[in-house]
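Engineer: For reference, the chains in residue letters:
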Amino acid sequence: MRLQAASPLEMQRLTRFLPCWRRPPAAGVPAKNVGFRKVASGVSSLGSASPRSLNIFDRDLKRKQKNWAARQPERIKFDYLKEEVGSRIADRVYDIARDFPLALDVGCGRGYIAQHLNKETVGKFFQTDIAENALKNALEMEIPTVSVLADEEFLPFRENTFDLVVSSLSLHWVNDLPRALEQIRYVLKPDGVLIGAVFGGDTLYELRCSLQLAETEREGGFSPHVSPFTAVNDLGHLLGRAGFNTLTVGWVRVTVLGIEKPSCTETRCWRLQQCTEGTIRFLVLPFKTQILWLRILFPSSPYYFLTVSFSVWRIFHKRHSQNPMKMYGNEDGSVPATYQIYYMIGWKYHDSQARPAKRGSATVSFGELGKINDLMSRGKKSQ
Amino acid sequence: MSGNGAVWGRVRSRLRAFPDRLAACGAEAAAYGRCVQASMAPGGRLRKDLCAQEFEALRSCFVAAAKKTLTGGR
Numbered sequence: 001m002r003l004q005a006a007s008p009l010e011m012q013r014l015t016r017f018l019p020c021w022r023r024p025p026a027a028g029v030p031a032k033n034v035g036f037r038k039v040a041s042g043v044s045s046l047g048s049a050s051p052r053s054l055n056i057f058d059r060d061l062k063r064k065q066k067n068w069a070a071r072q073p074e075r076i077k078f079d080y081l082k083e084e085v086g087s088r089i090a091d092r093v094y095d096i097a098r099d100f101p102l103a104l105d106v107g108c109g110r111g112y113i114a115q116h117l118n119k120e121t122v123g124k125f126f127q128t129d130i131a132e133n134a135l136k137n138a139l140e141m142e143i144p145t146v147s148v149l150a151d152e153e154f155l156p157f158r159e160n161t162f163d164l165v166v167s168s169l170s171l172h173w174v175n176d177l178p179r180a181l182e183q184i185r186y187v188l189k190p191d192g193v194l195i196g197a198v199f200g201g202d203t204l205y206e207l208r209c210s211l212q213l214a215e216t217e218r219e220g221g222f223s224p225h226v227s228p229f230t231a232v233n234d235l236g237h238l239l240g241r242a243g244f245n246t247l248t249v250g251w252v253r254v255t256v257l258g259i260e261k262p263s264c265t266e267t268r269c270w271r272l273q274q275c276t277e278g279t280i281r282f283l284v285l286p287f288k289t290q291i292l293w294l295r296i297l298f299p300s301s302p303y304y305f306l307t308v309s310f311s312v313w314r315i316f317h318k319r320h321s322q323n324p325m326k327m328y329g330n331e332d333g334s335v336p337a338t339y340q341i342y343y344m345i346g347w348k349y350h351d352s353q354a355r356p357a358k359r360g361s362a363t364v365s366f367g368e369l370g371k372i373n374d375l376m377s378r379g380k381k382s383q
Numbered sequence: 001m002s003g004n005g006a007v008w009g010r011v012r013s014r015l016r017a018f019p020d021r022l023a024a025c026g027a028e029a030a031a032y033g034r035c036v037q038a039s040m041a042p043g044g045r046l047r048k049d050l051c052a053q054e055f056e057a058l059r060s061c062f063v064a065a066a067k068k069t070l071t072g073g074r
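So the protein lines, in turn, are chains H and G.
Take 1 as the starting number for the first sequence in the UniProt record's numbering and just add one per residue.
Take 1 as the starting number for the second sequence in the UniProt record's numbering and just add one per residue.
Please note that the accuracy of each hint is not assured.
Reference excerpt, derived from the structure (chain H facing chain G, CB under 8 Å, subset only) [what the hints assert, rightly or not]:
no., residue
1, 83
2, 220
3, 223
4, 252
5, 351
List of simulated lysine to aspartate or glutamate pairs, EDC-like, C-alpha gap at most 16 Å [unchecked claim]:
no., chain 1, residue 1, chain 2, residue 2
6, G, 48, H, 91
7, G, 48, H, 219
8, H, 189, H, 215
9, H, 119, H, 91
10, H, 119, H, 153
11, H, 189, H, 99
FYI, nobody ran anything at the bench for these hints, they're computed from the structure.
Nothing here was measured: the structure is a model prediction, and the numbers come from that model.
Where a beta carbon is used, it is the ideal one built from N, C-alpha and C, also for glycine.
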């Protein structure tokens with residue numbers, strides 16, 4: 001918790017007195033200069049962004065948050081979403097009638113996918129993540145694994161290395177998603193496959209809408225408090241642009257019911273934080289948390305503190321407890337949180353893959369679809 | 001600045017007490033929610049301070065609850 005304590009206060013000092021700068025993301029660098037590496041959350045880096053990408057996510061902060069989340073004592077309780085998605089991705093791996101000698105897990109967390117796979121399907125697994133604590137606390141699995149500390153945007157592997165790349169719920173934190181997908185394609189062998197899951201556009205829409213309404217009523221306008229997610233069309237375009245073939249994108253909506261009383265909103269926020277790796281605290285309150293800590297620096301009566309902290313949290317708590325109850329809540333007082341998960345499968349080009357037929361080469365027409373059984377039996381006889 | 005997280009720990013504990021204080025003001029919070037929701041009906045428009053009265057009621061209730069818990073025992 002020391003890192004977390006130091007950084008927001010130093011963040012405050014930085015924004016007031018020092019020009020902000022940001023180190024390029026580097027894996028495995030010791031974190032002793034944490035205060036000076038950080039940029040105020042929500043502000044994009046100056047100068048180090050490539051021309052075609054805008055840095056929405058501070059990757060250093062993301063790594064700290066993931067480390068924090070991986071260190072939490074009760075993480076088993078909050079991992080259920082990742083476990084579920086990990087098992088679904090493992091299902092998809094089994095669905096492919098092939099085995100993969102070498103596989104890579106990008107943003108593996110504690111290895112939610114690998115624990116469901118067996119040695120016959122995957123020979124060796126490379127687990128990469130940006131947070132070392134997640135790799136250290138990896139789950140038990142029977143496949144031999146190699147853990148690599150790497151950023152999703154800078155995969156340290158050669159071209160044509162892996163037969164399979166999986167990625168569960170980590171690509172939505174990547175700044176330059178086209179480049180990340182291109183890198184994944186680069187490290188894949190020809191006829192290799194990427195199976196991934198990311199959060200989709202409807203994720204946490206109750207939270208997002210409640211915050212929007214509350215902020216509009218209180219402030220007259222609103223700013224984004226939930227990080228942006230990809231839309232399903234964009235996902236297809238991104239995969240195509242990265243050079244994947246034979247795309248498959250499907251989506252699943254998971255609704256998590258908060259069974260606690262609506263008053264236990266902090267507990268729920270806490271749980272949401274843990275589920276999403278501690279990000280809610282920073283993403284949801286980017287600017288207002290700075291106000292909060294600024295006030296704490298000066299002596300304040302409890303009343304004063306409460307009014308300010310109240311003004312910070314009023315939106316989040318009130319809306320999340322009461323308005324979602326009215327708008328989204330169920331009868332028993334539970335408040336749902338929706339996660340929309342997009343599963344995507346993309347293949348790297350290989351000659352053996354089926355290609356679209358040439359125009360004009362059709363032998364049957366759609367009008368004969370009603371007689372498809374006859375057509376198929378006729379086709380089999382002629383073979 | 002504290003290096004051992006004392007300030008952050010205090011902030012955290014205060015914020016964690018929020019939902020209990022909110023529980024004491026369920027009626028006011030529900031009124032606020034209803035007001036905002038009413039503006040979402042067709043024909044209504046959500047403006048700044050549209051529900052300022054309900055919010056003030058909620059705020060004072062909340063502060064009273066906080067004072068009670070603070071003086072009661074910390």
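Engineer: If you test the structure against every hint from before, which numbers come out violated?
Structural biologist: Failing hints, ascending: 1, 3, 4, 5, 6, 8 and 10.
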